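Novice: Chain by chain, the residues:
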Amino acid sequence: MNRFRIAVHITPRRGILDPQGKTVAEALHSLGFTAVRDVHVGRHIVVELDAANADTAAELTRDMCQKLLANPVTEDFEIAGVAAA
Amino acid sequence: MNRFRIAVHITPRRGILDPQGKTVAEALHSLGFTAVRDVHVGRHIVVELDAANADTAAELTRDMCQKLLANPVTEDFEIAGVAAA
Amino acid sequence: MSQPVHAVEPRSGDPKITPALIAEHGLTHDEYDKLLDMLGREPTFTELGVVSALWSEHCSYKHSRPLLRTLPTEAPYVLQGPGENAGVISIGDGLAVAFKIESHNHPSAVEPYQGAATGVGGILRDVFTMGARPIAMLNSLRFGSLDSARVRYLFAGVVKGVGDYGNCVGIPTVAGEVAFDPSYEGNPLVNAMCVGLLHETELIRAVAQGVGNPIIAVGARTGRDGINGASFASEDLSAESEAKRPRVQVGDPFTEKLLLEASLELIRSGAIVAIQDMGAAGLTSSSAEMAARGDVGVTIDTLKVPVREAGMTPYEILLSESQERMLVVAKQGREGEVSAILEKWDLTAAVIGEVIAEPVYRVTEGDRVVAEFPGIRLVTDCPMYTPEAYESPEVAALRATDVSLIAERPEERDPVWTLTQILSSPTIAAKTWVHRQYDTTVRTNTVIGPGGDAAVVRIRGTDRALALKTDCNGRYVYLDPRVGAQIAVCEAARNVACTGGRPMAITNNLNFGNPKRPEVYFQLREAVRGMGEACRALGTPVTGGNVSLYNENPTGAVYPTPVVGMVGLIDSLAHVTRSHFQEEHDTIVLLGEPTASLGASEYLARIHDRVAGAPPVVDLNDERALIEALLDAIRGGVVRSAHDCSDGGLGVALAECCMMDRNAQHGATVDLTHWRELPDRGLLFGEAQGRVVVSTNMPDTVLAIAAKHGVPARAIGRVGPVGAPLHITTAGGVFTAPLARLDEAYHEAIPRLMAPTAV
Amino acid sequence: MKFGIVTFPGSNCDYDAYQAVVEALGEDAVYLWHKDHDLQQSDVIILPGGFSYGDYLRAGAIARFSPVMQDVVAFAKRGGPVLAICNGFQIACESGLLPGALLRNASLKFVCEHVRLRVESADTMFTNRYTAGDVLRVPIAHGEGRFTADDETLNTLEGDGRVVFRYVGGPADADEWWSPNGSMRAIAGIVNEGGNVLGMMPHPERAVDALLGSDDGLRLFESMLARVAV
Ligand SMILES: Nc1ncnc2c1ncn2[C@@H]1O[C@H](COP(=O)(O)OP(=O)(O)O)[C@@H](O)[C@H]1O
Ligand SMILES: [Mg+2]
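Chains as they are written, first to last, in the numbering used here: chain A, 1 to 85; chain B, 1 to 85; chain U, 1 to 759; chain D, 1 to 230.
Next comes chain A alone, as it looks inside the complex (with noise of 0.2 Å):
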């Protein structure tokens, strides 16, 4: 068994509306970063777990996502990185 450490990324799904990236976005606005086009705001979630290998630990954290960490209905996720921790 080795430990791992698994970044996830769940975003809201394109088309339904994301209130706080528009928020944020006029808030940076207003603060003067006139550049921004564009913000979006999902969830950055780090699991650590034990595993026989990153594969495993991979297929692990997915089967997370589809049953608890995202919704199917409004949420894409993706498995962002496995590192050994």
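The set of hints was computed from the structure by calculation and includes no laboratory data. Computed from a predicted model, the values in this text were never measured in an experiment. Careful: at least some of the hints might be erroneous.
Said to hold, decoys possible - Here are the simulated BS3-like pairs of lysine-lysine, each with C-alpha atoms no more than 30 Å apart in a straight line:
#1 U:LYS431 with B:LYS67
#2 A:LYS22 with U:LYS34
#3 A:LYS67 with D:LYS109
#4 A:LYS22 with U:LYS304
With the hints as your guide, set chains B, U and D with the ligands onto chain A.
Specialist: Okay, now just chains B, U and D with the ligands, sitting in the frame of chain A:
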């Protein structure tokens, strides 16, 4: 001017209580994911902006994190990736 | 005569005791000498930490206790006065109410959201550890000017923090106040009050008893949060405390909710003798205080405390301010029941020590002693201070200013302009932007929520209700601490009486600057004096409170702000009275007398940008008579609405009666020519005390009742149709204010100012 | 008739629902513990409001896996009536009892106030004591109430008359759709295909006593009495 897409990870600072991560970890356990050791839940922010080059784009974003995107008291941030959009 | 204390070997790895380290722990030379004398030897690092926490202002009240002792604390119905986690009063039928207010000013200045949230969590625990189920929350907030982006950030963060925590635990937030003034810039005030209901028989006190009884840590694990938070709360806010940011703690309202249910179950089970929140200075103060109250010894093993991070030292474990933790003294042999209840709620419990006969406070790490003090002296030996006090000559001069000489602005020729200016002052304007973010209706007992005078919360299974309100006008207290504090008590009482409640008792939060500065200590001394006088006159004892000093920032001290949290009792739901006009054709009666006084008024601050003059005079006997008259009239069923005159004076009070409730806005026609000798601006915007605007369909009865109590009263007009304007006639002429204009000024002011703020 | 009210860790309107059933309606109610597999022969299940598991991750996402939910889902599949209020609605969506999802309010703020609800369908076991078009005054108190679903789902809901309550009362026109949380098509409450599961963000259990501002919610409970065979 070019368009860039910068991904930022905002995570609860180590040592500071992350009640959400704790609760999610316990939920994963009761779902049978017993290999899970630890979970942290942060934000995954994607900023699209115009800049002369990737470095200035990253610079700008770092500035945004300090000023608005991350809470300097309770969160750490990391520029996870800069891509031409 | 100091008891013998065993020698304690310094723990390897702990820093040596040096003058620098002692200073860092905020101990003065004298205090350190007292410590040496108590121990009869040099303290260990752990002992230094323990003492620095317990002798900090926050835990020891070393600058305020002598003053607090002068406050009235007794009435036949007071079951628990100051000194416990919360005060408790009996309300009949074997029912009692526990209530207390607590400040989280410094943490909120550094991290508004978590600072405010953890403040709410702390006061909730203070109340449910008395055996009471929390039924209502109040909050009293002060900020700088909303023109500043930083202030908007603090305001938005604090309100969200208060809301999210209380909403999640499921306790309605039903009342409070918010005021804005540059003096609070950089040092906002965040005071939260909690009110709980219990059966008298369920009252439990945080007194450790019974040699051999196990001491149990319950709830969240201990992390490195907020170490030295207690001393943190006792320092001026400065660049340094900015650097202390990592000390901020994060709240977990979900765990709090479980802890609330588990604690009440524990108390009802009879398996425990005492329970206390691990609040400021965490394990240290909770264990030391419970031991001192019971005059017993305790021993605690830090290795047995469930921790969140590896390698925590006894020093860290003792001083951690991790939230949502409780210390319980259980009955020997019933540990099983205790852990069973906690397991049911998915919480952990660990026996970490026991009550011992030997009169010592002992901390071990495994079997090696790391700290040992002679029992209660640890708490009782804390030095008390009575610093020098004198009034600041500048303030005396400001008070002496003859503000009637301040020339009117040309715009003031139109009183509607002046009125709308004042209505749109964020301090006066509707606070809906705030309490819309608070769950005000959960638990289904909120008869009157935010938006009137006091809140009214019914007591299920009875015909009675509680009337609740916090109040304090810091500008008054700044210009005259004694009178200002008297007014704070009177205004809270008036607000309670306006809803039909008899004022019963208060809790209070003294928010002041650095007491080592004579002009600040003067404010503190005089304010406590005035508060005591008013409480005696109104028969409302002080059952507890909180002191927050060092509310300063590089630009100076905040206004002295002794917030009063009043609890009143409404004998019958039939008496519940609202503050806005109810029925067209009702007669409007003014109880009390206007004066010319404009001193310390919102009018001067808003229209002339002046903070000057003497606050309105207050006659405590008149206030008492007013409350008696009002309650007689309400109980007699002849009052349709009652609203007190406070900030902004009669003009604002009348406008609020017309349009504060957006679901039912009535016009009114008012004639004030009886007071033709008063200048219009004094008549309309002066803040004379002891006044209430009543609407009634039986004016003669109201006037007769007022006369019987020697309260001046006069019919001044009639309630108009829905949507009609407010007409006011004065010696200066007639003016007409369309409700739409008043409504816009009053209801849109804060939303407009907050629009640019991101979340 | 017996109402079973589920208590999840963090539920805080279970008490309000209990009081509404017992005091206002005069029927029996029992609390159902989330760790048990026992619905205690309840005739109606209420998934109450609150913050189950602190609303961490997503409101309702974790509570959905509580042991008792397996029994609630089975009960619903058998046609048993389930009233899912606020956090209960969120749990019902997460567990697939109802379509769509409830996202963070468009204002990004928790919102608590009395809103106007229009009864869109009086022909459900939860609303038969109302008439379509009735406008009710009912409290809301939530931070994640923005009903969201794809157009196809929305059209089906509308087509099948499964949109039961809508937010109305725009400043301009009292009948205009006006959503305090950004819900698509101002949807405040829906039923499942079988018509036996109602999910709604507003709190009918907080509107059963005029003293507290409204008793417009009482008829919702009476509707169930009328229709549910005991
Ligand atoms: N922070 C707050 N939280 C909840 N309610 C509030 C808050 N601030 C003001 N309110 C409510 O707004 C109304 C007006 O408050 P205030 O101006 O202090 O009244 P008064 O002038 O009668 O003391 C009251 O019902 C009060 O409870
Ligand atoms: Mg008032």
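Novice: Now, for every hint given, state plainly whether the structure supports it.
Specialist: Status of the hints after comparison with the structure:
no.	hint	verdict
1	U:LYS431 with B:LYS67	holds (28 Å)
2	A:LYS22 with U:LYS34	violated (59 Å)
3	A:LYS67 with D:LYS109	holds (28 Å)
4	A:LYS22 with U:LYS304	violated (49 Å)
Going down the numbered hints, you'll see the structure goes against 2, 4, while the others check out.
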